[in-house]
Amino acid sequence: MAVKKHTVLPGFGLALGCTVLYLSLLVLIPIAGLLLRATSLSWMEFWEVVTSDRVLASFRISFLASLAAAGLNGVLGLVVAWVLVRYSFPLKGLVDGLVDLPFALPTAVAGISLTNLYSNSGWIGSRLEPLGIQVAYTPLGIVVALTFIGLPFVVRTLQPVLEDLDPEVEEAAASLGANRFQALRRVVIPSILPALLTGVALAFARAFGEYGSVVFISGNLPMRTEIAPLLIMTKLEQYDYAGATAIAVVMLLVSFSVLLFINLLTWWVRRGAARA
Amino acid sequence: MAGATTLSVHSRRRAKPRVITEPAWLRRTLILIALAFLGLFLVLPLVAVFSQALEKGIGVYFAAIREPDALAAIRLTLLIAAIAVPLNVAFGLAAAWAIAKFSFPGKNLLITLIDLPFSVSPVISGLIFVLLFGLQGWLGPFLREHDIKIIFALPGMVLATLFVTFPFVARELIPLMQEQGSEEEEAALVLGSSGLQTFWRVTLPNIKWGLLYGVILCNARAMGEFGAVSVVSGHIRGRTNTMPLHVEILYNEYNFAAAFAVASLLALLALATLALKKIAEGRVHGELAGDTDSTAA
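In the order they appear, the protein sequences are chains Y and G.
In terms of the working numbering, the first sequence is residues 1 to 276.
In terms of the working numbering, the second sequence is residues 277 to 573.
So that you can see chain G by itself, here it is in the shape it has in the complex (with noise of 0.2 angstroms):
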């Protein structure tokens, strides 16, 4: 979805006048409203996480965890993962480079289409492709005949994780490299070295930062993805289930304690995304300042 996670690209704030700000109560009641709000939105759901997934003590919680139905889970996810992540980051520093460094008639219209998936909801995302490689779908009688199986397996999952994830690697860079311009590359080019070296030696370290940035929020999407990857699964257990579809089996079973310790481990990579992002915020505002010593080595 346009704007909403994407980088502000923005100079910081500036001191402000006197005139121009609130009297002090009506300052602190507002204060007091914003925290109340992300206190009882975001910081209470958290906490119930971790104090449910411990509730009965720490054996059950390992317990939960180490399970084989848990692990095969957890290594699903990782693997949906690895393969979904690197092919969007392929796609989105090709859509990059081609976006940022030239101008095509047709632009505007190849962005928002990057943008789809966001405004496309997550079960229709799945469906998608139900309706092609299903048994009822347009593949569906070709691939029985060839004994493929896409749907209720990994290729399946891997293709509505790629959906889903599809824009984050391209919209985080596309602005960044808008920005930067190529007058780096172009004189790399010049100077005699050839498109690869320029891409390596000039363009990936300029961009590593906003790289990363999307990179992070691309696998926790990949890694979380609930929706779309459960139209899909078939919620074959220790087979085809990811961590989040093992959180809802083990919820609807009332296994309280085990769902919410698998579902902490998601929550914990919640955690770690969001203080990765912010490390790496701060240093996209130094590539755009164009502050490259952070590369010196």
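One chain only, chain Y, in its complex shape (with noise of 0.2 angstroms):
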């Protein structure tokens, strides 16, 4: 990128006062006040609620099933990004445009016909009944909901990395003699890697927060399929603020990690880019 000179352009005093503005008014003073209003508690009140049973179990059922969905969109978020760089297929233009779906479609939407495929009676459910396999109202339905959340994320992280990897460099390593696979496993996945990463790090932190999806396919029982937004969302309907708050600010504290980490990735690949 060029390096900035001296501009004449006008404007800039009222376009970064304007957005200093509108970002402090519409999400820094709104998210401060969430955390202040966590002081308020004290920190033996604060412990107690974000270990009592009930939240610690949605917590766990909302990191776990995350963590699941997070890592097989990693995997099948692979193939399809791999799939859509490098080979070509009938109506690719079409799939490719497709992948986006998850971010257009309400969550609701998808929560509503997610339920209804995997209940007994759906497509897919009265399917998966006979083998014992049950997946509206478990945990492995929370997990299918928060595939489909952060379906896009992994692809569309990797597919620019893949388009920009230089075909030369597996051109070098084919002519010194490595095979197809050790060619892949040696140069194309640790080049792709820091991507990959993010964008399971970004379905991750997405599946983490998300509620509509989730909350129609679940069953929602507490202890066993009930996340921690939904939590926040019942502690709220009692007037329990304090509640409501706390989990609120652990579940910002893991969001902000995530991003963190996000952040870091960022900076390592620039730093190797730099290098190189």
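Bear in mind the hints are in silico, worked out from the structure with no lab data behind them.
Don't be surprised by glycine CBs; every beta carbon is placed ideally from N, CA and C.
You may find that some hints are simply not true.
Calculated lysine to any residue pairs in the SDA-like style (CA-CA distance at most 25 angstroms, straight line) [stated by the list, open to error]: (1) G/Lys554 <-> Y/Cys18; (2) Y/Lys92 <-> G/Lys332; (3) G/Lys554 <-> Y/Ser88; (4) G/Lys332 <-> Y/Ile124; (5) G/Lys383 <-> Y/Lys92; (6) G/Lys383 <-> Y/Leu9; (7) Y/Lys92 <-> G/Ala548; (8) G/Lys425 <-> Y/Ser88; (9) G/Lys554 <-> Y/Val95; (10) G/Lys383 <-> Y/Thr266; (11) G/Lys554 <-> Y/Tyr87; (12) Y/Lys92 <-> G/Glu459; (13) G/Lys425 <-> Y/Tyr241; (14) Y/Lys92 <-> G/Lys425; (15) Y/Lys92 <-> G/Leu363; (16) G/Lys484 <-> G/Leu363; (17) G/Lys484 <-> G/Glu459; (18) G/Lys332 <-> Y/Trp123; (19) G/Lys383 <-> Y/Arg185; (20) G/Lys383 <-> Y/Gly13; (21) G/Lys484 <-> G/Gln412; (22) G/Lys383 <-> Y/Val20.
Reference listing, derived: stretches of chain G covered by chain Y, where coverage requires no fewer than 3 residues with Cβ under 8 angstroms from a Cβ of chain Y [claimed, not checked]: (23) 302 to 314; (24) 404 to 417; (25) 498 to 505.
Work from the hints to combine the two standalone chains into their complex.
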């Protein structure tokens, strides 16, 4: 990128001022309000809320289901991105466009549709039931919904990286006697690993906070299929603002850690690029 | 969330020599796995929405959409989007102008903060406004005294929607405007046009497809948001129910055909969004290449 020089363009103060004002009013102050609210709880009270059995169970379910969904998306998303970038097949453009569906489809619609498909009378559920596999209203159902929600992240993060991969490196590996699998394992995978991890982390972050698609398919049984965002909702409905705030703070901490992890990954990639 | 919704600003692929591809059986297997995964997780749910919506016949379908509560939900959804999208467009333009055209300390922090709403759970996005404006909130007593209702009313729903759709326009425009640089604007200014003229005649035509792309995504999320709006809405039928909330109520009442009928409208919106996005994406590549012939008129 070109070095910025002194510019004659007008409107810097106005544009930056509006941006910072709008950002503060809409995002920073409300989030700060939540954190301040949490400080009105004593440390003991806070600890009591977030370590109660029901809350801990909901964190565990949210965390494990998000991890499973992000992992599944990591593997299958890699296959999808690879196929879309490297191979040609009929209707590829359409398939590629469809990948963004989870971004565009409202989560409530996805939720009721997946529940319908995987319930015992649904197209998929009725075929799985004789096998003894129950998806709807079990933790497995949560994983299905979170996989849907996270699907585009890995694919869309990997695609540009795969497209930019220099074919000469793979050619060099081949001409130096590496077979195709060695070339993939030693050359391709290492160079796309940061992007893959970023995609998985994004899918995880999205899944961890997801609400709309999960509440329909999960059955919302306390201790078994109750996710943390739903518990916030329940506490709010009981006017337990302190409890809701405490859970929200823990969730924010998890989200911000993931955000930090992603930024570190980006920094790592940039440093690698600068050295090369 | 960084990267995922952003357009790729990279060159298209080139022809691949034979030595760097996989054997045919493996290629076919991988394609099959990918298609099976997408079919199972994307196509099937989409098909199910429409098939369930039409299961009881076209008459039931249209009755469910024309029913007064459904119409009220559609109106409210359109109203919220009509307020939230233009505000976020204005913000997105201001943010992109400041970030892409100037250098200043703290720029990277600002970009991170703009992305922040993407990493906050929708439920928390609603909760923060309840804590500010709700009856037990910071401003609750003041608002009650002056008889201003924000939570469980339109303003709260607009605020929650603004929050969750906040980054969309800005994050599409920032990379696009950074790639384009500011030579064209500088030339226009040197030739004597005013700042505003430069913006309307030079910047806006250059970014219009990228802007459209951001607007489409912002609008889709604004109309489809469920969690955040659900927290602040209060679910008053016919008054504070948006389309996604109306779908939930119908579904919980076991009125599946009607729930899927309203859901099918949202699914159509999603399909239109994807189609427009595909078109805009192609044009943005043109914008990056400096190809402005589409603006010749």
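Status of each hint after checking the structure:
no.	hint	in the structure
1	G/Lys554 <-> Y/Cys18	violated (31 angstroms)
2	Y/Lys92 <-> G/Lys332	violated (34 angstroms)
3	G/Lys554 <-> Y/Ser88	holds (18 angstroms)
4	G/Lys332 <-> Y/Ile124	holds (21 angstroms)
5	G/Lys383 <-> Y/Lys92	violated (39 angstroms)
6	G/Lys383 <-> Y/Leu9	holds (17 angstroms)
7	Y/Lys92 <-> G/Ala548	holds (18 angstroms)
8	G/Lys425 <-> Y/Ser88	violated (56 angstroms)
9	G/Lys554 <-> Y/Val95	holds (12 angstroms)
10	G/Lys383 <-> Y/Thr266	holds (16 angstroms)
11	G/Lys554 <-> Y/Tyr87	holds (20 angstroms)
12	Y/Lys92 <-> G/Glu459	violated (38 angstroms)
13	G/Lys425 <-> Y/Tyr241	holds (19 angstroms)
14	Y/Lys92 <-> G/Lys425	violated (50 angstroms)
15	Y/Lys92 <-> G/Leu363	violated (36 angstroms)
16	G/Lys484 <-> G/Leu363	holds (17 angstroms)
17	G/Lys484 <-> G/Glu459	holds (18 angstroms)
18	G/Lys332 <-> Y/Trp123	holds (17 angstroms)
19	G/Lys383 <-> Y/Arg185	violated (38 angstroms)
20	G/Lys383 <-> Y/Gly13	holds (14 angstroms)
21	G/Lys484 <-> G/Gln412	violated (44 angstroms)
22	G/Lys383 <-> Y/Val20	holds (11 angstroms)
23	302 to 314	holds (count 8)
24	404 to 417	holds (count 8)
25	498 to 505	holds (count 5)
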